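Model the placement of chain B on the given structure of chain A, informed by the hints.
2 protein chains.
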Amino acid sequence: MTANTALREADDPRSLQVRFSEDQPLQMDSGALLAPLTIAYQTYGTLNADKSNAVLICHALTGDQHVANIHPVTGKPGWWAAMVGPGRPIDTDRYFVICSNVVGGCMGSTGPASVNPATGKPYGLEMPVVTIRDMVRAQAMLIDHLGIDTLFCVAGGSMGGMQVLQWAASYPERVFSALPVATAARHSAQNIAFHEVGRQAVMADPDWRGGAYAEFGVRPVKGLAVARMAAHITYLSEGALQRKFGRKLQDRDSRTFSFDADFQIENYLRHQGSSFVDRFDANSYLYVTRACDYFDLSADYDGKLAHAFQNAVKTRFCVVSFNSDWLYTTAEARAIVHALNAATAPVSFVEIASDKGHDAFLLDEPDFMSTTRGFLEAAAKARGLRERAP
Amino acid sequence: MTANTALREADDPRSLQVRFSEDQPLQMDSGALLAPLTIAYQTYGTLNADKSNAVLICHALTGDQHVANIHPVTGKPGWWAAMVGPGRPIDTDRYFVICSNVVGGCMGSTGPASVNPATGKPYGLEMPVVTIRDMVRAQAMLIDHLGIDTLFCVAGGSMGGMQVLQWAASYPERVFSALPVATAARHSAQNIAFHEVGRQAVMADPDWRGGAYAEFGVRPVKGLAVARMAAHITYLSEGALQRKFGRKLQDRDSRTFSFDADFQIENYLRHQGSSFVDRFDANSYLYVTRACDYFDLSADYDGKLAHAFQNAVKTRFCVVSFNSDWLYTTAEARAIVHALNAATAPVSFVEIASDKGHDAFLLDEPDFMSTTRGFLEAAAKARGLRERAP
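So the sequences go chain by chain: A and B.
With numbering that gives the first Met the number 0 as the guide, the letters of the first sequence map in order to residues 0 to 389.
With numbering that gives the first Met the number 0 as the guide, the letters of the second sequence map in order to residues 0 to 389.
Okay, chain A solo, but in the shape it has when bound (with noise of 0.2 angstroms):
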């Protein structure tokens, strides 16, 4: 798997596209229009004839459209497969599945590793900044595209539960369901610091370029896999970490006396970095994170999260938080479900039990499966639902 194979999807996916015409641009908080817009997708299942079933799923920080399929770039399975397939709790056999690729990523939809057609050169940072809004807002163009007037559900974890909140603000009419996972409405001071150190570390490697590292040829995958081993500290519990590694060795009897990796941590930390830049452009790490850090639902609501809702009385809710998640903790879910009993939205509220911390939510928890799938069944019993999709 080569730095060619992954940064070619920006521009070549393996995935469905959409592309809008110029006279479509995207509309972004910044102010700017961007034109034409990409989306890149991929879809499961069949939609059913009134188009009641599609599952929208929003993708984190640096997930894409690939959710339960073989990875183009990696060979490994779709990150979300424990649940979403047939019979998984988001039963392909039962809904359409929808995901794309967010604005400003790399895997097909435009995004600072696109060809900008004005220069002909990847946009890098003459790409707009982009939010969490304008992520959904490119996804409401694509679903008008499918022709589907309402979600059956919009669902995502983390940046992906960004998301949906998002849609049950903007668009409280089109979403039935919405599941926002191991998530918060706004980004806290340490969220955003975290973030901070990931981007002072891409741009602090030379081979950043002031983001135009794609004209010169070259990469910043130091600065790029240092911004991931930050950030995957926190996607982990402390538990997990002192369970799986400790202060175990790796293939060694004793310490080396050396700054060689010696601990299994260390290893395993220098591997997820190494892997990540391996599929993931770092100006894109920029700017999705960036989205995350500008992110604060209650600001477009004069600062009252209630407001964000208050057309949403008829979507159901079911917000999802894990124990041990110390980047999104239960405590900003539990703001999430104090706005919505204010908005008197329906909204149910399950913390699952798990040591895996924040990760939990790509893993197959036996305890979120389950809440899941009941949610959705429920849902689609209100929603008049076939068992299968015809």
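The list cannot tell twin chains apart, which means a pair is met if one copy fits it or any two copies do.
Restricting the straight-line Cα-Cα distance to at most 30 angstroms, the calculated cross-link-like pairs of lysine-lysine (DSSO-like) are: (1) Lys243 to Lys75; (2) Lys303 to Lys247; (3) Lys303 to Lys313; (4) Lys313 to Lys50; (5) Lys313 to Lys380; (6) Lys247 to Lys75; (7) Lys243 to Lys303; (8) Lys50 to Lys380.
In short, the hints are calculated from the structure, not lab data.
Fair warning: this is a prediction, and the values are worked out from it, not measured in the lab.
What follows is chain B alone, placed relative to chain A:
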């Protein structure tokens, strides 16, 4: 304040120094013999006639010997000025306070920025890897040099607390009382992970030059700044960050839709990174983080922490933690207390309520100040010390 000013301290510090001769090498855990060994130190107050009022303070990762005087590089007050001084809890009218720069540091004790007499160039990575026990052995050599048999107290926080625990294990008969603060008896997987990110950030900087940057007249300031930023997040509690910074913008009314430091927390972190590199040596950062990571006091005692303290039954301990410290948690402090209990050593345990995270041990926290004052006054009475040093 220039980088040159900072680096000059490594070989020509504005501190007292003791230079041990070639025939008095430091015997290191790696097997290396370090000679000649230089220890830079500061003292405050007056040693009494029977040399029974000496307090050894052990500094933390990036601290130094400048406990309670104006720092020669930064021009700021000493790092523990709230705790140490006339009338302070560690009262220099009563106690003779000693603090030495750790071996591996960059403020005058032998470390990677010191000139290797064998080559005439800075050691760089030719410096043997240092352990906490090595640091303590060097301190014991200094204490011998000063003609002090028994220390009235050994006190320190964070990495300084590790040295306190090592003193009690290695030289129990020389430690009348011990005050380990905000520390742990072994580095956890998460602790190691954060340090490894910092080291990788330094090593990713092309100006690191395999550790030989001094020979090239450059310094890996960008990498070291990123390392400091990542570490700094771990020193603060999530609550303190939220209260102090939240999502407040830096000198602007709205988001810039750029990668500028829009948020105060971003600006603060960048400042922490850039000011750190003016006073600290990048290779020293590698060495002191490695020393912490290698620290597991029980490993030298068949994996049984209580055995480390089996000869410290006459040493009076006060173990202090802070409830919002997520770097070295109260659970880690309890593990130390349990081991001391099992060893039948006299121990008090105080968990201080503070929302300031790990940094609290450096701050003027009233409960921490009064705890320290009370512990030392009781110990002084037991030791038969006068109210004031003669």
